[in-house]
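S.K.: Residues per chain, in single letters:
There are 2 protein chains.
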Amino acid sequence: MNEVHVYVVSDSVGETAELVAKASVSQFRQSRKAITIKRFPYIEDKGHVDEVISLAKENQAIIVYTLVKPHVRSYIEEQVKLHQLTAHDVMGSIVASLQEVCEESPINEPGMVHDLDEDYFRKIEAIEFAVKYDDGRDPRGILKADIVLVGVSRTSKTPLSQYLAHKRLKVANVPLVPEIEPPEELFMVNPDKCYGLKISSDKLNHIRKERLIALGLKDDATYAKMERIKEELEHFDRIIGRMKCPVIDVTNKAVEETANVILNDLMNN
Amino acid sequence: MNEVHVYVVSDSVGETAELVAKASVSQFRQSRKAITIKRFPYIEDKGHVDEVISLAKENQAIIVYTLVKPHVRSYIEEQVKLHQLTAHDVMGSIVASLQEVCEESPINEPGMVHDLDEDYFRKIEAIEFAVKYDDGRDPRGILKADIVLVGVSRTSKTPLSQYLAHKRLKVANVPLVPEIEPPEELFMVNPDKCYGLKISSDKLNHIRKERLIALGLKDDATYAKMERIKEELEHFDRIIGRMKCPVIDVTNKAVEETANVILNDLMNN
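Taken in order, these protein sequences are the chains called A and B. So the first sequence is residues 1 to 269, counted in the numbering used here. So the second sequence is residues 1 to 269, counted in the numbering used here.
Source of the hints: derived by calculation from the structure; they are not laboratory data. In this text the structure is predicted, and so the values were computed from the model without any measurement. The C-beta atom is built at its ideal place from N, Cα and C for all residues, glycine as well. Do not rely on the hints blindly, as some may be mistaken.
A short, non-exhaustive set of chain A residues, derived as facing chain B with CB atoms under 8 Å [as the list claims (entries may be wrong)]:
no.: 1; residue: V4
no.: 2; residue: S31
no.: 3; residue: D134
Computed footprint of chain B on chain A; a stretch qualifies when at least three of its residues, placed anywhere within it, have a C-beta under 8 Å from a C-beta of chain B [to be verified]:
no.: 4; segment: 13–27
no.: 5; segment: 63–75
no.: 6; segment: 100–109
no.: 7; segment: 139–151
no.: 8; segment: 249–261
Excised from the complex, chain A in its bound form:
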């Protein structure tokens, strides 16, 4: 058998279990076997469980689950044992520990992590803020933002803004181009809330070439040329020198890692 199946089972959307399954599977990235993850959301009664169990048996799938409804959880445990399947409960033991320390029962309701609470609306506001003030669209955003990102084209400003928005931070981002004078707001705000996104010329050259190809264009346009890239990076250095804000090298960083540098920095300020 050259295919390995992982089934993600949840009585809510299944995001938590899916992330855990993905993180686990990513440790076998170089595997000769094809590992696939399939999600079964809203598994809420025994009938649903039976369907998943029967499919899992057929494909010898590994089950990864987050089930907070006690009767569904105990039923799947029972069936897994009966059919000698492999299953992992992602939250169960943690909830049990919390129950002990809190000296009270969990509410046993699925989907609590997505509850439509105040915090949730704050997140949506932050996401909308990031979209509204993306790519220097309106420089007034610079003054209203919690964080301002500055960088040349293709330094992941937009996805980084969105990622931070999910952490409830209002982010504006501003692209730097030698031909355009940066907005004066950049030199008016507190530099402690600004971050310059630095990148190596080789990496940027590679990314921009890929970008042109993805757009169906030839990869030898000025946009991806080394000469142009160096000019842009020198302009970046000059502006950051005037702003006197911290700089993060994003060359080999995933968006999540850059975000983490910023979040840690904010915590320590």
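Once you've looked at the hints, dock chain B against the given chain A.
M.R.: Relative to the frame of chain A, chain B by itself:
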């Protein structure tokens, strides 16, 4: 002790473990105790582990970890035992199961789930697409998108677009306002890739009032008035009737849930 501490420990960013911790804690939302989650990312050597263990001991914290480096994982297990702490390994048993089925060793490198691979760039492209074609900014996006969302103001079009972008889908969204003729592209695309976002007038009234207050305005502006809302919703029904596309009621749905309806729908098409 009225405070309960949960420590999230990872040799990478710690996102996976944090989500699991949050989902577990959310089951004690009504708890009388204050439960706090603190994240310790990039725990990569014994010295780091010692620091966390000593803090955890002081606060009697519950530790939730994802550690893929074997020597760090075995060291924390050892220390947890020695100091009689409570700790939960989120991925360990799943990785062990995969190892058995795949008949090979995991790569034991942290951060694999965030690796800068092709898939990652596809995600970034999708996020940028969603930002570019947000809020009907450029109707040409409708023809290029994988999914088109249509709805009146405050039906979570933007965060939903972003959420779906994280799933590698290119999403354009178009707001409907009675005063403006919708773009003709809406009637040209395949209606199977369009979704109307329906909402109850009461809920919309509530959300818009909150929105006005958040903006520092009075909550009795036309925007939040029942009469205006009903007019907009009737206009929405008319346009959707012409488009002949599926409609999702988002009234009591979190963005993740609406996204899930769409994702399931796409899978079954």
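S.K.: Let's test the interface hint: is any C-beta of chain B closer than 8 Å to that of V4(A)?
M.R.: 5 Å, holds
S.K.: Can the segment 13–27 of chain A be counted as covered by chain B under the rule of three residues or more with Cβ-Cβ separation shorter than 8 Å?
M.R.: Held - the segment 13–27 of chain A has 12 residues with a Cβ nearer than 8 Å to chain B, which meets the minimum of three.
S.K.: How about the segment 100–109 of chain A: do at least three of its residues have a C-beta closer than 8 Å to a C-beta of chain B?
M.R.: holds (count 7)
S.K.: Under a C-beta cut-off of less than 8 Å, do 3 or more residues of the segment 249–261 of chain A approach chain B closely enough to confirm the stated coverage?
M.R.: holds (count 6)
S.K.: Counting residues of the segment 139–151 of chain A that have a beta-carbon nearer than 8 Å to any beta-carbon of chain B, does the count reach 3?
M.R.: Result for this restraint: violated, n = 0.
S.K.: Confirm or reject the coverage of the segment 63–75 of chain A by chain B under the rule of 3 or more residues with a beta carbon closer than 8 Å to the chain's beta carbons.
M.R.: Holds: 3 residues of the segment 63–75 of chain A have a Cβ under 8 Å from chain B.
S.K.: Is the hint on D134(A) kept, meaning its closest Cβ partner in chain B is under 8 Å away?
M.R.: 5 Å, holds
S.K.: How about S31(A): closest beta carbon in chain B under 8 Å, or not?
M.R.: 5 Å, holds
In this structure, only the earlier hint numbered 7 is contradicted, and the remaining ones agree with it.
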